[in-house]
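2 protein chains.
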Amino acid sequence: MAEKHVYSFGAGKADGTSKMKDLLGGKGANLAEMSRIRIPVPPGFTITTEVCNYYSSHNSKYPAGLTGQVNTALKKAETIMGAKFADKTDPLLFSVRSGAKFSMPGMMDTVLNLGLNDRNIKAFAMAAGGDERFAWDCYRRLIQMYGDVVLEVEKEAFDHIIETAKKKRKVKNDLDLTAADWKEIVKLFKAIIRTKTGKAFPQDPQKQLWGALGAVFSSWNNERAITYRNLNNIPHDLGTAVNVQAMVYGNLGEGSATGVAFTRDAATGEKVFYGEWLPNAQGEDVVAGIRTPMPLRKGKKGSLPSLQEQMPKIYKQLDDIRHKLEAHYKDIQDIEFTIQNNRLWMLQTRTGKRTSQAAVRIAVEMVKEGLIDKEEAVRRIDPDQFEQLFHPSFETGAVRKVIAKGLPASPGAAVGQVVFSAADAEKWAADGKTIILVRIETSPEDIGGMDAAKGILTARGGMTSHAAVVARGMGKCCVAGCDEIEVDYKKKLFKAGKKMIKQGTWISLDGSIGEVMEGKVPTQDPELSKEYYVLMKWVDKIRTMKVRTNADTPEDSRVAREFGAEGIGLTRTEHMFFEAERITAVREMILATTEKDRRKALKKLLPMQRKDFEGIFKAMDGLPVTIRLLDPPLHEFLPHEEDAQKVIAKELGVKPAEIKRLTESLSEFNPMLGHRGCRLAITYPEICEMQAQAIMEAACNMQKKGIKVFPEIMVPLIGTEHEFNILKVVIDRVAQQVIEKKGIKVKYMVGTMIEIPRACLVADKVAQQAEFFSYGTNDLTQMAYGYSRDDSGRFLADYVENGILAGDPFQSLDQEGVGQLVETGVRLGRSVNPKLKIGVCGEHGGDPASVGFFHNAGLDYVSCSPYRVPIARLAAAQAVLEEKQASWRDK
Amino acid sequence: MAEKHVYSFGAGKADGTSKMKDLLGGKGANLAEMSRIRIPVPPGFTITTEVCNYYSSHNSKYPAGLTGQVNTALKKAETIMGAKFADKTDPLLFSVRSGAKFSMPGMMDTVLNLGLNDRNIKAFAMAAGGDERFAWDCYRRLIQMYGDVVLEVEKEAFDHIIETAKKKRKVKNDLDLTAADWKEIVKLFKAIIRTKTGKAFPQDPQKQLWGALGAVFSSWNNERAITYRNLNNIPHDLGTAVNVQAMVYGNLGEGSATGVAFTRDAATGEKVFYGEWLPNAQGEDVVAGIRTPMPLRKGKKGSLPSLQEQMPKIYKQLDDIRHKLEAHYKDIQDIEFTIQNNRLWMLQTRTGKRTSQAAVRIAVEMVKEGLIDKEEAVRRIDPDQFEQLFHPSFETGAVRKVIAKGLPASPGAAVGQVVFSAADAEKWAADGKTIILVRIETSPEDIGGMDAAKGILTARGGMTSHAAVVARGMGKCCVAGCDEIEVDYKKKLFKAGKKMIKQGTWISLDGSIGEVMEGKVPTQDPELSKEYYVLMKWVDKIRTMKVRTNADTPEDSRVAREFGAEGIGLTRTEHMFFEAERITAVREMILATTEKDRRKALKKLLPMQRKDFEGIFKAMDGLPVTIRLLDPPLHEFLPHEEDAQKVIAKELGVKPAEIKRLTESLSEFNPMLGHRGCRLAITYPEICEMQAQAIMEAACNMQKKGIKVFPEIMVPLIGTEHEFNILKVVIDRVAQQVIEKKGIKVKYMVGTMIEIPRACLVADKVAQQAEFFSYGTNDLTQMAYGYSRDDSGRFLADYVENGILAGDPFQSLDQEGVGQLVETGVRLGRSVNPKLKIGVCGEHGGDPASVGFFHNAGLDYVSCSPYRVPIARLAAAQAVLEEKQASWRDK
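These protein sequences, in sequence, are chains A and B. The numbering used here applies: residue 1 is where the first sequence begins, and numbers increase by one. The numbering used here applies: residue 1 is where the second sequence begins, and numbers increase by one.
Check the hints yourself; a few may be wrong.
Because identical chains cannot be distinguished in the list, a pair is counted as satisfied if it fits within a single copy or across any two copies.
To be verified - Taking lysine-lysine and the PhoX-like style, the derived pairs with C-alpha atoms no more than 25 Å apart in a straight line are:
1. 207 - 316
2. 655 - 491
3. 655 - 490
4. 271 - 747
5. 271 - 330
6. 495 - 655
7. 646 - 490
8. 655 - 498
9. 301 - 433
10. 490 - 660
11. 660 - 498
12. 600 - 196
13. 705 - 741
14. 835 - 611
15. 660 - 495
16. 537 - 368
17. 271 - 742
None of these hints come from the bench; they were simulated from the model.
So here's chain A without its partners, still in its complex pose:
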């Protein structure tokens, strides 16, 4: 027997199944599957990918026996449809579509209406209820598509003819052209083909069909397709399949219709059949919006006529199919159907897109219905989309006058009046105004203003710029790096194109997509459903990795705990340094030229820091709290503007020139690589001492009150084990002194942040003394790539666009490069200390793909901003499930 090249489907049968994607392509396998489960799809057949490969390697020849198999399959389809291909009296038409294993732009896609010709066009019009306009439109579409993709006549030639016709008829829309117009156009199209190719448009339906098939197979090796495969690492020997399918029309009169539906409500997740239909119409009419589509289900009195009422039998059939599809695919389906002469045909079914609210409800309810298990429910939720649940959003359908676009730095919706300085932000907010803080970029001095604002908009800086990181930490909407706006601090306004937005003007920010809009766009608040809590219980049961939060205040800690945080993975002590009364003491410390003076200033800071920590310990009762010692370079605490320097000089009782001199002497060419992190503590151990003392005193005080504290003191930015070892001695000494003085035993740990590439490479040395590691993947990414996160905005977007980078490595961990460093650190660290606690506290701790990586790397926990905690929990659970599947696949 000859090899099987052609796989038929239709009438509740199919040669293939959904598993045969390699051979039948994605589309062909799905059509076979639908037919197999007795969904009425228009019949047809799939020519295999092997034929494509044969065609490519045999100089555009087909394998033996193909023609016979195609003819047999055509006959089968004719029988099912009760009509004959290109028959003179009742012509059956076919479509030809390519369908590789992966969707592939750049390939020849579709030719419709194959089989139409001068001989059967009239009969076709008759079958369409005498709609000549429709019939000639179909015919011209065939010639146009065929001319373009099979005969390679340039598109513009056809477009030009249509445009000329419209001009002549003085109409703007294709729909305004009449049957006679299209008939004339068909004539002109045929003439063009003859002129350009030297041959007539083929009237022989077989010639049409084989021409289209050849075009699909040839297109596998056209330049665009090859480039696409190269860029996406798709092997060139996969080949494409071709699907040949009977055409059906929903506009053949009374008994015909078309429609689209979801098997459940995709907005709310409710289990109701939800869709629209139009009688005597084609699919594109539903989409075009010229006629108002009508509901599927019978509605309240006065509603538009429903399919349920108008065609109850068909509706019943459709509703049965709906249940069959969900039972088979075990997920909400998005379907397209056509009714041709009272016969229902399903054109497509695919997994339905849904809102995050709906996704949660559907997943939980499907578990109750027994359709899927809990693990599958957890697997179903898209963690990237999940975040929408926790932030306010703009009302769907609200009018959005977008004036600029920036980076979606921190999700959510914010509406407020524009101000241009942190001071103004605080003042206006104190007056009860709702404001949006607009800055060229933000710096630690702006923290107060950012806290007072509803949303933040910056003209410069990337996804991990100061504004972005702080805003995400605060769960506050932020659009960053919006280089389409030009900010003028002096005039207190910003320009966006020709728009000029002055201080006090209302704007709206969509932090989820990075849009800046004029005026007040109406918003809606988030609300967590009961299904959400059910789902998260399952999530927590599945995951093995803990999820902590990055939080600098008791308030942040409280929010994060509500979101399920199991401790704090990062408290940045420097954020506390910027508060009004403290910053003066901080500056005194920096100004000090002797250790004695420095200690005097530090003594003022001690009680304040202690109070901060007490609040956080209290909020995190029973959970571990990781506190990082001072990290930024000291010059960040000094103002760079002369006016501000004068004010400070007065406050501190020194000359302004002294402040200026100090600021300049502390300034650095590359502060990111400068005198910061543990390097400060090595130079000024007294700072480390003060912080260790504040932490331990707070811990003892709280423990005395019955609160369970687990402080983890973290040394930042180490590159050698010596840095850590020296500071551990200092911290342990202070801790012992405090414990002895307070007479209360507190268990604490001393560990380090792993954020310098070298630290990963010598992690075995570091782990000899360190009690825990916490990866700082922001800095690790900066140094592994040599990208300053504050400057890389200038080229990073281009890099992603050009495929040089798969994505912004500050958003989603670069697993290939930076990931190697993480894995090396884990391997070396655990080689000397198998029980070493390892976490991550960089921004990546809240990125789902990265969370998956960290799970696989064997980390004990991830830590992220409060609003990302649920996402990290979900991603951690999914990582377990993915691992389970992978190990199952390996067996």
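Based on these hints, arrange chain B on the given structure of chain A.
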């Protein structure tokens, strides 16, 4: 038989050998060795390290049998000396010295004159030719040392007594105290000991001896010794040995003398016996310089009396010993001797320190003499010291008024008048003046001025700051990071402490040690000996790794070639961009807002760059030349001062505000991690195109003239393979166009610099397209450590001092961390391309230790600044020898 605890030496015999350092310590093993080869050393014995360990672990008890063995050994020494320990009539005295395997500060060191007491002091004075002053001085020394180290009486008590005596006698110097004075002091010393310890100073010689022995063994575990071992990773269980040796004196009258000598001239290397002696004197008299020492050998008429003339027999014996020592140790020896009553005693022999000139001559001559082989000769030369051969130096003995000290950034000596700007430097130099350029720090704009200067002094920046790197490249003396000076550009002066140095003042710089001196210190020029060339031939025969140079001009290339460079490993094209006529075109290019304008400006640069490359290709006829594409961020080419901006605005015909705006918009927070290297070429491929065109046109033009060119075009700063692949396409396209147009075939390579940590981690991907790798270890170190080389000066010195870093990682490669990245890159790169050419062009290419590492890592070549080429050649040869020895040791 009991275990052997005591090893005797003396009279041409010894129980031990030089190989027994573990058991006898370094000093003990050497004494044994000397005795073994019949060098007359004062006899004595060594108590083993095992005894020390026993003593430590047995509560300060000695192992059984020790006393007996000590007494036997004492007797042996007495026999040899023909006198008895602490005899009443002719007392033999002993010294006790500790001697661990490694020299160890912090341990009890020496007690001399053991055996003296009230009973034999008179006899001792008699034996010393009646020199009572000497005898009492010896006695008081014994009591003082014993009191300090054995009885732990604080030093100050003894010093106080001597000071009081001197005050009373109104003299300043110990030497001015008389026998009676010392006798009185001995009395007071004894009284102090009784008061402080409650016991009398022991008169029993055995008690004295065992007291000293116990003190040495105990000192092994004193706090300072433990700390020292911890810091230097010396195991605590090594233990120390103790050496007990007969005292000999060169001041016992007529037949006694003392002296020091080198077996060859340590300054020139000439094979002559070179040394000094003093009759009737102790060793310290030679050093103290109160009496003028006399020559060993007979000199010209009128010279001081020589040992050769005065004691011809002894001289003959000494000269024999000299030959014996060289034959045995096969190296120049630095010896100390004492003649006691016409008997010659060798107190010490050690490898002699020598100048680099002498080192080369001695090594080469010893090969001729058959003492060592060529490999040993090459192994002998200290590559760190080797550099002195190639730079001018200050005359030995010249008066140096040091006013400040900075980093020895680029070796050599420079004398000139101070100027404070590059413009002044060029102007003054054009007027024929010799100048030193003093800057707070230098930037690429200063290149012209640096070139015009004799030497460069900066107040800020480390060993790889701009000034340091450029100066080393130019072979110019530079002292960098001299933070003891305060530069005032406005007043055109700098302060160094209280000194104020104005413009035009003469100063001298010693770039080899980092000293800044007032006035003109006389210098001498370097001259390469014939032995140097002989040695370098051997070096080149041994080494397997090539040595190239980093050079940006034909002149540099020529110099490097003379030093033996085998190609250029790095030409920095941006240095060419700063020349007067070019910088304007560069700025036009930066100002351009469209690709068209940018191309227009680039077109102006093209012929200039081509000419540069032609010159370099010509100078490097027959050798490969690696040219790096533009690397620094564009803002480096714009001036930051307003005045300069105005000048440029006028030149370019734009508004000053435009220049200012542009400069600001291009400025970066962390330029080191910013828009530079290949990132520029990705954004503006036309820059890469122009440079590729200039390189290839130059190559074709030169090849046409019969010059052999091997251009290697290098893409800087890649972090992903995509960056490289994209630019390789651009370069290959341009190269093919040029080759076709010129009609001449030139072989070229396209490769990349590996300087981003991530590039090392994905080197297998990069090597699929790259034809060579060149490590940029400067940037690799910056990013692996997170140290900005411009800022790290603030803490790096402290880090080295505190042992956090073994050394400045910008000077000598951090093999443990950064080295791992280098090795990973080599392994991955060669895994896909086994023949991949790999070199290094960072500053480390000229550092001997790093060169050794690169050899072991399997690199094909190192590239360094011209003046370091010979050093790299030597280090590469030594690496081969080291490897050979290691593999031999493994067998």
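Hints, verified against the model:
1. With identical chains, the CA atoms of residue 207 and residue 316 are never at most 25 Å apart, being 41 Å at best within one copy and 117 Å at best between copies.
2. Taking identical chains as interchangeable, the C-alpha atoms of residue 655 and residue 491 lie at most 25 Å apart only when they sit on different chains, with a minimum of 22 Å there against 31 Å within one chain.
3. Taking the shortest alpha-carbon separations for residue 655 and residue 490, only the inter-copy value of 21 Å comes in at or below 25 Å, while the best intra-copy value is 27 Å.
4. In this assembly of identical chains, residue 271 and residue 747 lie within 25 Å of each other by CA distance neither inside one copy nor across copies; the values are 52 Å within and 71 Å between.
5. Taking CA atoms no more than 25 Å apart as the test, residue 271 paired with residue 330 passes inside one copy only; the shortest distance there is 13 Å, against 96 Å between copies.
6. Taking the closest pair of Cα atoms, residue 495 and residue 655 come within 25 Å of each other only across two copies (22 Å); inside a single copy the shortest separation is 39 Å, beyond that limit.
7. Taking the shortest Cα distances, residue 646 and residue 490 sit within 25 Å of each other both inside one copy (20 Å) and across copies (24 Å).
8. When the C-alpha separation of residue 655 and residue 498 is checked against a cutoff of 25 Å, the pair qualifies only between copies, where the shortest distance is 24 Å, while the shortest distance within a copy is 45 Å.
9. For a Cα distance limit of 25 Å, the shortest separation of residue 301 from residue 433 qualifies neither inside one copy, at 46 Å, nor across copies, at 104 Å.
10. Taking the closest pair of Cα atoms, residue 490 and residue 660 come within 25 Å of each other both inside a single copy (23 Å) and across two copies (17 Å).
11. For a Cα distance limit of 25 Å, the shortest separation of residue 660 from residue 498 across copies, 24 Å, qualifies, whereas the shortest one inside one copy, 39 Å, does not.
12. For the identical chains of this complex, residue 600 and residue 196 are neighbours neither inside a copy (90 Å) nor across copies (42 Å), given an alpha-carbon limit of 25 Å.
13. For a Cα distance limit of 25 Å, the shortest separation of residue 705 from residue 741 inside one copy, 16 Å, qualifies, whereas the shortest one across copies, 86 Å, does not.
14. Taking the shortest alpha-carbon separations for residue 835 and residue 611, neither the intra-copy value of 33 Å nor the inter-copy value of 63 Å comes in at or below 25 Å.
15. Only between protomers do residue 660 and residue 495 lie at most 25 Å apart by alpha-carbon distance; the minimum there is 20 Å, versus 33 Å within a single protomer.
16. In this assembly of identical chains, residue 537 and residue 368 lie within 25 Å of each other by CA distance solely inside one copy; the values are 15 Å within and 86 Å between copies.
17. In this homomeric assembly, residue 271 and residue 742 never come within 25 Å of each other (Cα to Cα): the closest approach is 61 Å inside a single copy and 75 Å across copies.
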